[in-house]
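Given the coordinates of chain A, assemble chain R onto it according to the supplied hints.
So the protein lines, in turn, are chains A and R. The numbering used here puts the first residue of the first sequence at 1, with every later residue one more than the last. The numbering used here puts the first residue of the second sequence at 1, with every later residue one more than the last.
One should not assume that every hint holds.
Mimicking DSBU-like on lysine-lysine, the simulated pairs with C-alpha atoms at most 30 Å apart in a straight line are [as the list claims (entries may be wrong)]:
hint	chain 1	residue 1	chain 2	residue 2
1	A	K89	A	K67
2	A	K150	R	K391
3	R	K85	A	K434
The hints are simulated quantities; they were obtained by calculation from the structure and are not laboratory data. Remember, predicted model here, so these are calculated numbers, not experimental data.
Residues per chain, in single letters:
There are 2 protein chains.
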Amino acid sequence: MNLNDVLKIYKNPGADEQEMLCRRGIANVDAVRATVEDIVERVRCEGDDALRNYAQRFDGATLTDLKVSQEEIDAAENAVDSSLKEALKTAYNNIYAFHAAQRMHPVQVETMPGVVCSQRAVPISRVGLYIPGGNAPLFSTVLMLAIPAKIAGCRSIVMCTPCDHSGHVNPAILYAARLAGVTDIYKVGGAQAVAAMGFGTQSVPQCYKIFGPGNRFVVFAKMLVAQMGIAIDMPAGPSEVLIVADESANPTFVAADFLSQAEHGPDSQSILVTTSEELARAVANECGRLLETLPSRDMILKSLAHSHLITFDSDEAMMNFANLYAPEHLIINHSRAEQLAEAVVNAGSVFLGPYACESAGDYASGTNHTLPTAACATAFSGVNLDSFVKKITFQTISADGIATLGPTIETMANGESLSAHALAATVRIDYVNKSRKQ
Amino acid sequence: MNLNDVLKIYKNPGADEQEMLCRRGIANVDAVRATVEDIVERVRCEGDDALRNYAQRFDGATLTDLKVSQEEIDAAENAVDSSLKEALKTAYNNIYAFHAAQRMHPVQVETMPGVVCSQRAVPISRVGLYIPGGNAPLFSTVLMLAIPAKIAGCRSIVMCTPCDHSGHVNPAILYAARLAGVTDIYKVGGAQAVAAMGFGTQSVPQCYKIFGPGNRFVVFAKMLVAQMGIAIDMPAGPSEVLIVADESANPTFVAADFLSQAEHGPDSQSILVTTSEELARAVANECGRLLETLPSRDMILKSLAHSHLITFDSDEAMMNFANLYAPEHLIINHSRAEQLAEAVVNAGSVFLGPYACESAGDYASGTNHTLPTAACATAFSGVNLDSFVKKITFQTISADGIATLGPTIETMANGESLSAHALAATVRIDYVNKSRKQ
Chain A
1 MNLNDVLKIY
11 KNPGADEQEM
21 LCRRGIANVD
31 AVRATVEDIV
41 ERVRCEGDDA
51 LRNYAQRFDG
61 ATLTDLKVSQ
71 EEIDAAENAV
81 DSSLKEALKT
91 AYNNIYAFHA
101 AQRMHPVQVE
111 TMPGVVCSQR
121 AVPISRVGLY
131 IPGGNAPLFS
141 TVLMLAIPAK
151 IAGCRSIVMC
161 TPCDHSGHVN
171 PAILYAARLA
181 GVTDIYKVGG
191 AQAVAAMGFG
201 TQSVPQCYKI
211 FGPGNRFVVF
221 AKMLVAQMGI
231 AIDMPAGPSE
241 VLIVADESAN
251 PTFVAADFLS
261 QAEHGPDSQS
271 ILVTTSEELA
281 RAVANECGRL
291 LETLPSRDMI
301 LKSLAHSHLI
311 TFDSDEAMMN
321 FANLYAPEHL
331 IINHSRAEQL
341 AEAVVNAGSV
351 FLGPYACESA
361 GDYASGTNHT
371 LPTAACATAF
381 SGVNLDSFVK
391 KITFQTISAD
401 GIATLGPTIE
411 TMANGESLSA
421 HALAATVRID
431 YVNKSRKQ
Chain R
1 MNLNDVLKIY
11 KNPGADEQEM
21 LCRRGIANVD
31 AVRATVEDIV
41 ERVRCEGDDA
51 LRNYAQRFDG
61 ATLTDLKVSQ
71 EEIDAAENAV
81 DSSLKEALKT
91 AYNNIYAFHA
101 AQRMHPVQVE
111 TMPGVVCSQR
121 AVPISRVGLY
131 IPGGNAPLFS
141 TVLMLAIPAK
151 IAGCRSIVMC
161 TPCDHSGHVN
171 PAILYAARLA
181 GVTDIYKVGG
191 AQAVAAMGFG
201 TQSVPQCYKI
211 FGPGNRFVVF
221 AKMLVAQMGI
231 AIDMPAGPSE
241 VLIVADESAN
251 PTFVAADFLS
261 QAEHGPDSQS
271 ILVTTSEELA
281 RAVANECGRL
291 LETLPSRDMI
301 LKSLAHSHLI
311 TFDSDEAMMN
321 FANLYAPEHL
331 IINHSRAEQL
341 AEAVVNAGSV
351 FLGPYACESA
361 GDYASGTNHT
371 LPTAACATAF
381 SGVNLDSFVK
391 KITFQTISAD
401 GIATLGPTIE
411 TMANGESLSA
421 HALAATVRID
431 YVNKSRKQ
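Just chain A, with the same shape it has in the complex (with noise of 0.2 Å):
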């Protein structure tokens, strides 16, 4: 398949291409604004009996009871294929490892003498992880959510994700959350299941924080219930991928990598910026013929009518360029990675050389595949052990403490106009002073 046309290369951008070249697609909320707001508040309301409603209307099933039973569970156990159970078990080995290594190390601090302040991670205690049914089952970001939060210690571990019409959730999905540690799996989807994790119903405990991808629907479910002062992971929008690459790169890897991107959804994009004009060609070619091969094809043509490649005179040029996007995927497929890895300012994750492509994170390698879209690198990180945790600060003060700290707290209190912020500090002092005059 010739994609000459599809694939325009853009040469050297100047300041107001490249803004135009890292515009996201902006989603039409209004357009689900009402169904969702209608469906958040019937949950609130009438709890499971609108989650049973929804399940009929939206998925066709009919259900009795909303929650897995453990004969569901372990039926899944011998419906998996045995290939895919082993690589479950390695990807789950890889993504315990690293975010293993990623608890944090007790903070404690003697800032003054007699003044001693430290920092602890406290799991959150209940979480709601929500995993999108739909064309294919999510067990990957089963894994991906549950395992931190096992990890962290969270006592409850929430999931919801919709069945089919007999009511079945798919196999792999229920495997994987008994593998991660799931607690408790319901069978609700769409942006009832982000209401129900969010206000709880008689089935679905209410969680404290709610994690996980969806279509419009949910996304938008997640922002209404944010405003509520319920915590969510972080904004979501398409999949994208930027690569860096020099002449260096296999132009067969390159290209799998953008159209695996590609893959993931209509609206999906994938950038491949280089110094190289003779690669971006060499690309272009390579994904019209691995196109030929993929059963997805339909789908990557979609995303690629609103993919780039771009060509820079500078690797400082292209690093620019890949901050000035902050892509949720950054590849740098280039002969000093490591190098550039070091100017890398905005991204989700970032794969460093050849062989390091974007599945491997997505899956396997131990890394999180839940990470900030459109731009939102800039300021957020991707899911690890931190989104499941809490840090807490605890301050002691001895009597020669406040003795000492005491008058630095008065002085401010009084210079902001709190006065009883003063007089905690003072009543304290006059007690110190006046025991030792003892």
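Below, chain R without anything else, positioned relative to chain A:
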């Protein structure tokens, strides 16, 4: 002053009554929605002109330059009392020491032979801090936000704060900003400041994350820009303290802490939880006595109307209630404070023992005072060094690494019907195998 009518004692409340006692006042955003939406839209479209118009309208100031000049910052040095400067330096040192100790240890794990995953903290390049004007100059908040931003390595630390009608910013705020390393200060207040930092204007640069407290207009403006994908520190509500105390606690200390929280604003809340009814009565008496001396008396009386004294039968019941309430500030003034601290699940910042008053942490001990309110402590951390960085993951995979990990990626990708994801592994495995045969 006798507060027996105001401060009623709840004895051993049951589950329903506990839930009622945990309820926070819900801010009515409808009252400010239209105003804030209009302000945000105008700032977005009209930029500096809108900011100058609002400065005229809300602050009574006619401004040419929105940016605070170097001369104004220099002049602040002389205008601030030397005792306040000394106090600010002491607070600076303590806050710096505690936040510097929070620097992340780099994480690197070889999850499988040839598969190396790492995680690095990369500063958010431009952050925006909002410092309210109004009744009191919150120079302490300048330190709490700018010091960790500086330690994190944020290149640009933008601050907005309203000026008075003659166009001046409070000198203590300017002094604290210089001390802490703020790079640019603008005379912009209210919702318009949040919009300016969120979208950028001709003068104010666009910031990737916005921090800081404010009134209902500011808080709602932050929620609005957050919906558009701009990061904010956390949702904000009225300030609150929960004090856990046993019979060993000094009632004067407890009363001073109770009142100091109540002085923050008319919707602030103070809660005392104790196993000693005698202490509860003594605290009520001491509140009445101390209140007489305080200039902020009228404000405090408003808050006390929705503050509570509660008794429980056991330490366990007290800590259960504390975790249910999930307070912004938790004071454990108890003979076994350190032991009870182990049971803390939900809290913003914790103060242990008789001498650790909340105002120590509000100003100068070293911990941060920007903390989650309204039970958000169930899922949110207070501002800390993490708030100013992104934790970006990196991975390198060797030829041997992809040969080992590749089949796992292929199996999982095919299981999720993502054939191009599998292909990205396949083309590399084939290449490696071919190279080996040669």
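For each hint, the structure was consulted:
1. A:K89 to A:K67: 25 Å, holds
2. A:K150 to R:K391: Judged against 30 Å, a Cα distance of about 20 Å means the pair holds.
3. R:K85 to A:K434: Holds - the C-alpha atoms of A:K434 and R:K85 are around 28 Å apart, at most 30 Å.
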